[in-house]
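Student: As given, the protein sequences belong to chains D and P, one line each in that order.
529 is the number of the first residue of the first sequence in the working numbering; add one for each residue after it.
529 is the number of the first residue of the second sequence in the working numbering; add one for each residue after it.
Since the hints were made in silico from the structure, they are not lab data.
The reader is advised that the hints may include incorrect statements.
Because identical chains cannot be distinguished in the list, a pair is counted as satisfied if it fits within a single copy or across any two copies.
[To be verified] Calculated pairs, DSS-like style, for lysine-lysine (alpha carbon to alpha carbon, straight line, at most 25 Å):
{"hint": "1", "residue 1": "Lys570", "residue 2": "Lys530"}
{"hint": "2", "residue 1": "Lys816", "residue 2": "Lys690"}
{"hint": "3", "residue 1": "Lys570", "residue 2": "Lys851"}
{"hint": "4", "residue 1": "Lys851", "residue 2": "Lys725"}
{"hint": "5", "residue 1": "Lys881", "residue 2": "Lys851"}
{"hint": "6", "residue 1": "Lys816", "residue 2": "Lys570"}
{"hint": "7", "residue 1": "Lys816", "residue 2": "Lys881"}
{"hint": "8", "residue 1": "Lys530", "residue 2": "Lys816"}
{"hint": "9", "residue 1": "Lys851", "residue 2": "Lys786"}
{"hint": "10", "residue 1": "Lys531", "residue 2": "Lys750"}
{"hint": "11", "residue 1": "Lys531", "residue 2": "Lys786"}
{"hint": "12", "residue 1": "Lys872", "residue 2": "Lys531"}
{"hint": "13", "residue 1": "Lys851", "residue 2": "Lys531"}
{"hint": "14", "residue 1": "Lys539", "residue 2": "Lys725"}
{"hint": "15", "residue 1": "Lys786", "residue 2": "Lys881"}
{"hint": "16", "residue 1": "Lys872", "residue 2": "Lys816"}
{"hint": "17", "residue 1": "Lys786", "residue 2": "Lys816"}
{"hint": "18", "residue 1": "Lys725", "residue 2": "Lys881"}
{"hint": "19", "residue 1": "Lys708", "residue 2": "Lys539"}
{"hint": "20", "residue 1": "Lys570", "residue 2": "Lys539"}
{"hint": "21", "residue 1": "Lys570", "residue 2": "Lys690"}
{"hint": "22", "residue 1": "Lys816", "residue 2": "Lys539"}
2 protein chains.
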Amino acid sequence: MKKHAFELIAKDGEARAGAFHTSHGVLETPVFAPVGTQATVKGVTPDQLRDLGASLVLANTYHLYLRPGDEVIGGLGGLHPFMGWDGPILTDSGGFQVWSLGDINRIDDEGVTFRSHIDGSEHLFTPERSICIQQNLGADIIMCFDELSDPDDHETCRTSMKRTTQWAERCLNAWTNRDKQALFGIVQGGIFDDLRKESAEQLTGMDFPGYAIGGLSVGESKADMYRTLEIVNPCLPENKPRYLMGVGTIEDLIQGVKRGIDIFDCVLPTRLARHGAAMTRTGRINIKNAENTTDEAPIDADCDCITCQNFSRAYLRHLVQSKEMLGATLLSIHNLRTLIRLAKEMRQAIIEKRFDTYARNYYHLSTD
Amino acid sequence: MKKHAFELIAKDGEARAGAFHTSHGVLETPVFAPVGTQATVKGVTPDQLRDLGASLVLANTYHLYLRPGDEVIGGLGGLHPFMGWDGPILTDSGGFQVWSLGDINRIDDEGVTFRSHIDGSEHLFTPERSICIQQNLGADIIMCFDELSDPDDHETCRTSMKRTTQWAERCLNAWTNRDKQALFGIVQGGIFDDLRKESAEQLTGMDFPGYAIGGLSVGESKADMYRTLEIVNPCLPENKPRYLMGVGTIEDLIQGVKRGIDIFDCVLPTRLARHGAAMTRTGRINIKNAENTTDEAPIDADCDCITCQNFSRAYLRHLVQSKEMLGATLLSIHNLRTLIRLAKEMRQAIIEKRFDTYARNYYHLSTD
């Protein structure tokens with residue numbers, strides 16, 4: 529199979545089941561990727577990730593560039609040996625983080641000058657620099673450096689989208705490790721159909737191994753998000769994977785797959801876990817609620833994760849109330865398993881041409 | 529084999545290899561018990577504990593009585609199902625915690641009145657109450673409620689020791705669940721040979737299933753600790769296990785076993801881990817040191833734990849520097865494995881009559 533090839537195995541409506549060939553194995557899609565911002569999915573070991581069925585893991589270029597440094601990680605053989613994960617890894621470009629975390633000093637056609645959120649030191653990210661850093665990190669899927677903007681202002685969205693396209697060209701030129709790393713383009717354009725179409729058309733002309741939809745799940749309405757997916761997905765080639773960045777509720781995974789998305793990532797399952805919230809098909813549970821104090825039941829009787837197989841709501845509540853690390857670990861494992869299992873089950877349903885029934889039965893979508 | 533029976537399998541000098549029969553399996557001694565203060569060894573799952581070779585786990589009566597409450601845990605079937613640990617569990621009596629953590633209002637012959645460190649509420653622990661709470665918690669080994677005192681004041685040590693003996697009688701009378709729980713007496717007396725001897729003689733007269741040595745590792749010199757062990761151990765019956773409470777450095781484990789101790793527990797390995805320190809046979813490593821930034825080596829090339837098998841010092845340093853939970857988890861696993869493996873290896877060396885050589889070779893004792 530050709531490097532970075534995407535096999536479209538089945539379609540059911542717009543929903544797709546696929547297989548993406550990476551340097552660290554075949555990625556079965558749809559897939560949900562846990563986020564390991566600092567080269568660790570918070571509180572979860574690689575063994576536990578494997579056991580809960582994770583295949584793709586995301587790490588953040590911005591954070592790892594600042595600490596411990598991409599050259600340190602590169603010198604140690606890259607992210608795979610560094611973090612003990614031998615499956616596929618995806619790094620983002622840093623574009624989203626300089627926008628959301630960094631103290632931006634200047635954005636121009638050259639790149640983004642920002643101050644570190646750790647020590648205030650000044651740094652410049654350009655498209656070329658982002659690709660170079662991602663090459664040092666050595667992930668299987670790397671992302672173009674993009675510019676984000678307020679998603680509901682047409683003028684700034686247009687400017688950012690056009691710059692993102694120019695930067696995508698430069699990323700393509702800077703992308704030298706083509707044999708090992710697949711570079712994805714990122715469609716921008718906020719919530720504006722004309723900008724999204726223009727962005728998608730320009731990027732697909734550059735023939736990337738995959739395409740991401742960026743700049744969503746940043747405050748716009750669900751209706752705007754889903755409509756944007758319906759606009760963008762038909763513009764993307766069938767034979768390339770489609771990645772919806774930063775999305776990770778149960779509802780959004782189902783609605784995304786329904787509209788043709790293959791890859792998702794989000795900090796939500798692990799972040800909710802650290803705040804004592806469990807994701808289930810019948811809605812979120814605040815484990816700290818007093819009613820859980822003596823509850824022998826697991827979070828979800830239908831869940832096959834080690835948390836639900838071994839521990840009661842009463843024990844999990846005690847751990848969270850006592851601020852014990854194990855509470856965050858066990859809830860993270862459950863939440864990640866819930867999304868990863870959902871993605872696997874959607875894949876099977878697509879192959880068996882029963883996606884709509886599966887999605888309808890999964891749970892009442894309005895509850896999440 | 530009789531309930532709570534201790535088989536003395538081998539002796540080499542004063543060092544002992546034994547097998548203690550509990551309601552949840554046979555405990556091979558010498559043994560080091562990880563501490564799960566709030567019914568969880570901080571940051572480590574029960575699966576990980578089993579994998580690193582833990583057999584006995586300690587939980588704290590004071591903490592669990594206050595939160596979630598011993599009746600809550602009792603109603604859920606006790607600590608074993610609650611925390612998902614089906615091996616032997618030991619609970620302390622709360623005596624040490626009311627002394628070190630509680631805001632003590634009054635101590636008299638009846639018991640100790642203290643304020644909770646969580647919400648300031650007032651509580652009374654008596655010997656009978658401590659045993660009742662420990663019965664609700666359901667551990668395999670439970671401890672007499674004892675009184676601690678400044679270890680180097682003879683007068684207060686004598687008062688505390690005498691009260692501890694009186695309370696031991698009352699604990700013996702309150703101990704009803706004799707089939708399932710083994711009650712240990714606690715020898716007190718500070719660093720005073722006469723008091724320690726008197727305490728040991730009085731307690732052994734009550735024929736407990738096991739004996740602990742309390743009130744050590746609380747600030748006295750190593751010389752005082754080791755001399756006290758040499759005084760107490762010969763006073764204790766050969767056919768009962770001996771437990772040195774709250775001790776957990778490599779040196780103290782070796783010196784304790786050399787003097788006849790069978791059981792140890794300590795928060796040190798997990799607490800050091802949370803502060804970024806690794807225990808090794810050649811001394812402690814501060815993983816945050818700059819020299820570890822690019823070090824591909826594991827903490828200890830001879831260690832068989834999952835941390836040393838999978839992760840570099842460079843990665844561990846990055847995790848600790850980034851305040852990632854996984855750093856504490858992986859260092860805890862390593863530190864616990866180091867002490868548990870040491871105890872297992874000492875057992876084998878005793879059986880093979882080469883304990884002194886083993887201890888001498890283990891490492892240069894002065895480095896820990």
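Student: Output the numbers, in ascending order, of every earlier hint that fails for this structure.
Tutor: 1, 2, 4, 5, 7, 8, 9, 10, 11, 13, 16, 17, 18, 19, 20, 21 and 22
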